[in-house]
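Engineer: Let's have the full structure, built from the sequences with the hints guiding it.
Each residue of the sequence shown is one higher than the one before, starting from 49 at the first, in this note's numbering.
It should be emphasised that the hints constitute simulated quantities derived from the structure, not laboratory data.
Where a beta carbon is used, it is the ideal one built from N, C-alpha and C, also for glycine.
Certain hints may be false.
To be verified - Taking CB as the label site, the calculated pair distances span: (1) 263 to 225: 19 to 29 Å; (2) 208 to 169: 41 to 51 Å; (3) 209 to 88: 26 to 36 Å; (4) 221 to 286: 36 to 46 Å; (5) 268 to 220: 24 to 34 Å; (6) 243 to 268: 40 to 50 Å; (7) 171 to 221: 13 to 23 Å; (8) 202 to 151: 17 to 27 Å; (9) 152 to 270: 19 to 29 Å.
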Amino acid sequence: MGDDTWAALAGQFADDAYASVKGRVRTYVLHRQLLEHLPPPPATVLDVGGGAGHQSFPLAEAGYAVTLLDPSPAMLAKARQRPGAERVAFIESDGEHAEEAVGGRRFDAVLCHGVLGYLERPEPVVDQLCRVAAPGGVVSIMTGNAHAMAVRPALEQRWEDALAAFDTRSEIGVLGVPTRADTVEELSELLRARGVEPVRWYGVWLFVDWLGFARAEVDPADAERVAAAELEAGRRDPYRGLSRVFHLVGRKA
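Structural biologist: This is the structure we're talking about:
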(Lines of atoms letter the chains of each structure in order from A and count residues from 1; the text may use other names and numbers.)
(Lines give C-alpha, C1' and ligand atoms only; values in the text may rest on other atoms or scores of the structure.)
Protein backbone atom coordinates (compact mmCIF):
# COMPACT_ATOMS: atom_id res chain seq x y z
CA MET A 1 0.00 0.00 0.00
CA GLY A 2 3.06 2.28 -0.09
CA ASP A 3 3.66 5.00 2.44
CA ASP A 4 -0.06 5.68 2.86
CA THR A 5 -1.18 2.58 4.73
CA TRP A 6 -4.82 3.73 4.56
CA ALA A 7 -4.89 4.27 0.79
CA ALA A 8 -6.38 0.86 0.01
CA LEU A 9 -8.93 1.17 2.82
CA ALA A 10 -10.06 4.78 2.38
CA GLY A 11 -13.07 3.96 0.24
CA GLN A 12 -14.22 1.06 2.42
CA PHE A 13 -13.81 3.14 5.56
CA ALA A 14 -15.05 6.55 4.46
CA ASP A 15 -17.75 5.59 1.99
CA ASP A 16 -19.09 2.20 3.06
CA ALA A 17 -18.66 2.02 6.85
CA TYR A 18 -20.01 5.47 7.62
CA ALA A 19 -22.92 5.12 5.19
CA SER A 20 -24.23 2.13 7.16
CA VAL A 21 -26.66 2.35 10.08
CA LYS A 22 -23.76 1.47 12.36
CA GLY A 23 -21.64 4.31 11.01
CA ARG A 24 -24.44 6.85 11.26
CA VAL A 25 -25.16 5.75 14.83
CA ARG A 26 -21.50 6.18 15.82
CA THR A 27 -21.37 9.71 14.40
CA TYR A 28 -24.64 10.75 16.06
CA VAL A 29 -23.89 9.25 19.48
CA LEU A 30 -20.36 10.69 19.68
CA HIS A 31 -21.61 14.09 18.54
CA ARG A 32 -24.28 14.20 21.22
CA GLN A 33 -21.85 13.04 23.90
CA LEU A 34 -19.31 15.66 22.84
CA LEU A 35 -21.84 18.49 23.02
CA GLU A 36 -22.31 17.75 26.73
CA HIS A 37 -18.70 18.85 27.33
CA LEU A 38 -17.57 21.21 24.57
CA PRO A 39 -17.54 24.96 25.10
CA PRO A 40 -19.91 26.82 22.79
CA PRO A 41 -18.84 27.65 19.22
CA PRO A 42 -16.73 29.14 17.79
CA ALA A 43 -14.35 27.25 20.12
CA THR A 44 -11.35 25.63 18.42
CA VAL A 45 -11.30 21.86 17.85
CA LEU A 46 -8.42 19.64 16.71
CA ASP A 47 -9.49 16.23 15.37
CA VAL A 48 -6.38 13.99 15.55
CA GLY A 49 -6.64 11.10 13.11
CA GLY A 50 -9.91 12.58 11.89
CA GLY A 51 -9.88 10.62 8.63
CA ALA A 52 -12.59 11.69 6.20
CA GLY A 53 -14.08 14.12 8.71
CA HIS A 54 -17.21 12.33 9.80
CA GLN A 55 -16.84 13.70 13.34
CA SER A 56 -15.27 16.99 12.34
CA PHE A 57 -17.82 18.13 9.79
CA PRO A 58 -20.89 18.13 12.09
CA LEU A 59 -18.91 20.25 14.56
CA ALA A 60 -17.81 22.65 11.83
CA GLU A 61 -21.41 22.92 10.66
CA ALA A 62 -22.39 23.78 14.24
CA GLY A 63 -19.96 26.70 14.17
CA TYR A 64 -16.78 25.27 15.70
CA ALA A 65 -13.39 26.22 14.24
CA VAL A 66 -12.20 22.72 13.29
CA THR A 67 -8.76 21.53 12.24
CA LEU A 68 -8.55 17.95 10.96
CA LEU A 69 -5.15 16.28 11.30
CA ASP A 70 -4.51 12.92 9.62
CA PRO A 71 -1.42 11.14 8.21
CA SER A 72 -3.23 9.65 5.20
CA PRO A 73 -3.36 11.67 1.96
CA ALA A 74 -6.10 9.32 0.73
CA MET A 75 -8.29 9.98 3.76
CA LEU A 76 -7.68 13.72 3.58
CA ALA A 77 -8.62 13.65 -0.10
CA LYS A 78 -11.91 12.00 0.85
CA ALA A 79 -12.52 14.71 3.43
CA ARG A 80 -11.76 17.52 1.01
CA GLN A 81 -14.34 16.14 -1.44
CA ARG A 82 -17.18 16.29 1.07
CA PRO A 83 -19.71 19.12 1.18
CA GLY A 84 -18.72 21.65 3.83
CA ALA A 85 -14.98 21.02 3.47
CA GLU A 86 -14.40 24.76 3.15
CA ARG A 87 -15.28 25.11 6.86
CA VAL A 88 -12.44 22.79 7.97
CA ALA A 89 -8.65 23.28 8.00
CA PHE A 90 -6.60 20.22 7.01
CA ILE A 91 -3.12 19.16 8.14
CA GLU A 92 -1.28 16.05 6.97
CA SER A 93 0.53 14.57 9.97
CA ASP A 94 0.43 11.64 12.35
CA GLY A 95 -0.78 12.06 15.91
CA GLU A 96 2.65 11.46 17.40
CA HIS A 97 3.80 14.80 15.93
CA ALA A 98 0.59 16.77 16.44
CA GLU A 99 2.12 19.59 18.49
CA GLU A 100 4.78 20.28 15.88
CA ALA A 101 2.29 19.97 13.02
CA VAL A 102 -0.04 22.62 14.47
CA GLY A 103 2.85 24.97 15.21
CA GLY A 104 2.42 24.84 18.98
CA ARG A 105 -1.20 26.04 18.91
CA ARG A 106 -3.53 25.06 21.76
CA PHE A 107 -7.13 24.02 21.20
CA ASP A 108 -10.30 24.24 23.27
CA ALA A 109 -11.03 20.61 22.43
CA VAL A 110 -8.86 17.78 21.10
CA LEU A 111 -10.49 14.66 19.65
CA CYS A 112 -8.92 11.28 18.94
CA HIS A 113 -11.55 8.77 17.86
CA GLY A 114 -10.79 5.32 16.51
CA VAL A 115 -7.02 5.87 16.37
CA LEU A 116 -5.33 4.33 19.42
CA GLY A 117 -6.41 0.81 18.47
CA TYR A 118 -4.16 0.89 15.40
CA LEU A 119 -1.07 1.82 17.42
CA GLU A 120 1.25 -0.49 19.33
CA ARG A 121 1.19 1.83 22.36
CA PRO A 122 -1.23 4.65 23.23
CA GLU A 123 1.20 6.76 25.29
CA PRO A 124 2.92 8.80 22.53
CA VAL A 125 -0.36 10.00 21.02
CA VAL A 126 -2.06 10.54 24.40
CA ASP A 127 0.91 12.71 25.35
CA GLN A 128 0.37 14.85 22.25
CA LEU A 129 -3.38 15.14 22.83
CA CYS A 130 -2.80 16.50 26.30
CA ARG A 131 -0.06 18.87 25.13
CA VAL A 132 -2.14 20.55 22.42
CA ALA A 133 -5.20 21.00 24.66
CA ALA A 134 -5.54 24.52 26.04
CA PRO A 135 -5.86 25.06 29.81
CA GLY A 136 -9.41 24.05 30.67
CA GLY A 137 -9.69 22.32 27.30
CA VAL A 138 -11.46 19.04 26.57
CA VAL A 139 -9.67 15.85 25.53
CA SER A 140 -11.95 13.24 23.91
CA ILE A 141 -10.77 9.70 23.17
CA MET A 142 -12.76 6.86 21.64
CA THR A 143 -11.15 3.43 21.41
CA GLY A 144 -11.78 -0.30 21.72
CA ASN A 145 -13.05 -1.72 24.99
CA ALA A 146 -10.71 -4.44 26.29
CA HIS A 147 -13.35 -5.61 28.76
CA ALA A 148 -15.67 -6.75 25.94
CA MET A 149 -13.23 -8.59 23.67
CA ALA A 150 -14.96 -11.97 23.96
CA VAL A 151 -18.36 -10.79 22.74
CA ARG A 152 -17.62 -10.54 19.02
CA PRO A 153 -16.16 -14.05 18.55
CA ALA A 154 -18.96 -15.49 20.70
CA LEU A 155 -21.64 -13.90 18.53
CA GLU A 156 -19.83 -15.19 15.47
CA GLN A 157 -19.84 -18.64 17.18
CA ARG A 158 -16.05 -18.85 17.22
CA TRP A 159 -15.98 -20.42 20.66
CA GLU A 160 -12.26 -21.16 20.95
CA ASP A 161 -11.51 -17.58 19.94
CA ALA A 162 -14.06 -16.35 22.48
CA LEU A 163 -12.33 -18.25 25.28
CA ALA A 164 -8.95 -16.87 24.22
CA ALA A 165 -10.35 -13.33 23.97
CA PHE A 166 -10.97 -13.08 27.72
CA ASP A 167 -7.22 -12.67 28.13
CA THR A 168 -6.24 -10.78 25.00
CA ARG A 169 -6.19 -7.17 23.81
CA SER A 170 -5.87 -7.69 20.06
CA GLU A 171 -7.90 -8.96 17.13
CA ILE A 172 -8.24 -8.57 13.38
CA GLY A 173 -10.66 -5.68 13.06
CA VAL A 174 -13.59 -5.32 10.70
CA LEU A 175 -11.33 -3.62 8.11
CA GLY A 176 -9.06 -6.67 8.06
CA VAL A 177 -6.12 -5.08 9.88
CA PRO A 178 -4.81 -5.81 13.41
CA THR A 179 -6.28 -3.72 16.22
CA ARG A 180 -5.81 -3.57 19.98
CA ALA A 181 -8.06 -2.42 22.82
CA ASP A 182 -7.66 -0.39 26.01
CA THR A 183 -9.55 0.05 29.27
CA VAL A 184 -11.19 3.13 30.71
CA GLU A 185 -9.12 2.74 33.86
CA GLU A 186 -5.75 2.61 32.07
CA LEU A 187 -6.46 5.54 29.77
CA SER A 188 -7.77 7.56 32.70
CA GLU A 189 -4.44 7.10 34.45
CA LEU A 190 -2.54 8.14 31.33
CA LEU A 191 -4.61 11.34 31.16
CA ARG A 192 -4.14 12.15 34.86
CA ALA A 193 -0.39 11.73 34.56
CA ARG A 194 -0.45 14.41 31.85
CA GLY A 195 -2.58 16.97 33.67
CA VAL A 196 -5.98 16.00 32.25
CA GLU A 197 -8.68 14.90 34.69
CA PRO A 198 -11.21 12.36 33.36
CA VAL A 199 -14.74 13.68 33.85
CA ARG A 200 -16.97 11.06 32.23
CA TRP A 201 -16.95 8.01 30.04
CA TYR A 202 -19.60 6.53 27.77
CA GLY A 203 -20.25 3.39 25.80
CA VAL A 204 -20.52 3.53 22.02
CA TRP A 205 -21.77 0.77 19.73
CA LEU A 206 -23.65 -1.70 21.89
CA PHE A 207 -26.82 -3.02 20.26
CA VAL A 208 -26.10 -2.10 16.65
CA ASP A 209 -22.58 -3.49 16.72
CA TRP A 210 -23.40 -6.81 18.33
CA LEU A 211 -26.41 -7.29 16.05
CA GLY A 212 -24.10 -6.92 13.08
CA PHE A 213 -21.73 -9.60 14.31
CA ALA A 214 -24.70 -11.88 14.96
CA ARG A 215 -25.66 -11.33 11.30
CA ALA A 216 -28.92 -9.61 12.14
CA GLU A 217 -29.75 -6.83 9.69
CA VAL A 218 -30.84 -3.47 11.11
CA ASP A 219 -33.52 -1.73 9.06
CA PRO A 220 -32.14 1.65 7.89
CA ALA A 221 -35.59 3.09 8.57
CA ASP A 222 -34.94 2.38 12.27
CA ALA A 223 -31.65 4.31 12.37
CA GLU A 224 -33.07 7.18 14.43
CA ARG A 225 -34.62 4.86 17.03
CA VAL A 226 -31.46 2.75 17.16
CA ALA A 227 -29.37 5.88 17.77
CA ALA A 228 -31.66 7.00 20.60
CA ALA A 229 -31.36 3.58 22.28
CA GLU A 230 -27.58 3.57 21.84
CA LEU A 231 -27.28 7.06 23.28
CA GLU A 232 -29.18 6.06 26.41
CA ALA A 233 -27.31 2.75 26.83
CA GLY A 234 -23.98 4.57 26.57
CA ARG A 235 -24.82 6.60 29.69
CA ARG A 236 -25.92 3.72 31.92
CA ASP A 237 -24.37 0.82 33.77
CA PRO A 238 -24.12 -2.06 33.11
CA TYR A 239 -24.82 -1.39 29.43
CA ARG A 240 -21.95 0.98 28.70
CA GLY A 241 -19.42 -1.56 29.97
CA LEU A 242 -20.55 -4.04 27.32
CA SER A 243 -20.07 -1.62 24.43
CA ARG A 244 -17.48 -2.59 21.86
CA VAL A 245 -15.82 0.81 22.14
CA PHE A 246 -15.84 3.50 24.82
CA HIS A 247 -15.65 7.28 24.79
CA LEU A 248 -13.57 8.93 27.54
CA VAL A 249 -13.77 12.69 28.09
CA GLY A 250 -11.27 14.63 30.22
CA ARG A 251 -10.53 18.27 31.01
CA LYS A 252 -7.09 19.83 31.27
CA ALA A 253 -6.28 21.61 34.50
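Engineer: Checking each numbered hint in turn, tell me which of them this model violates, lowest number first.
Structural biologist: Hint check: 2, 3, 4, 8 and 9 fail, others pass.
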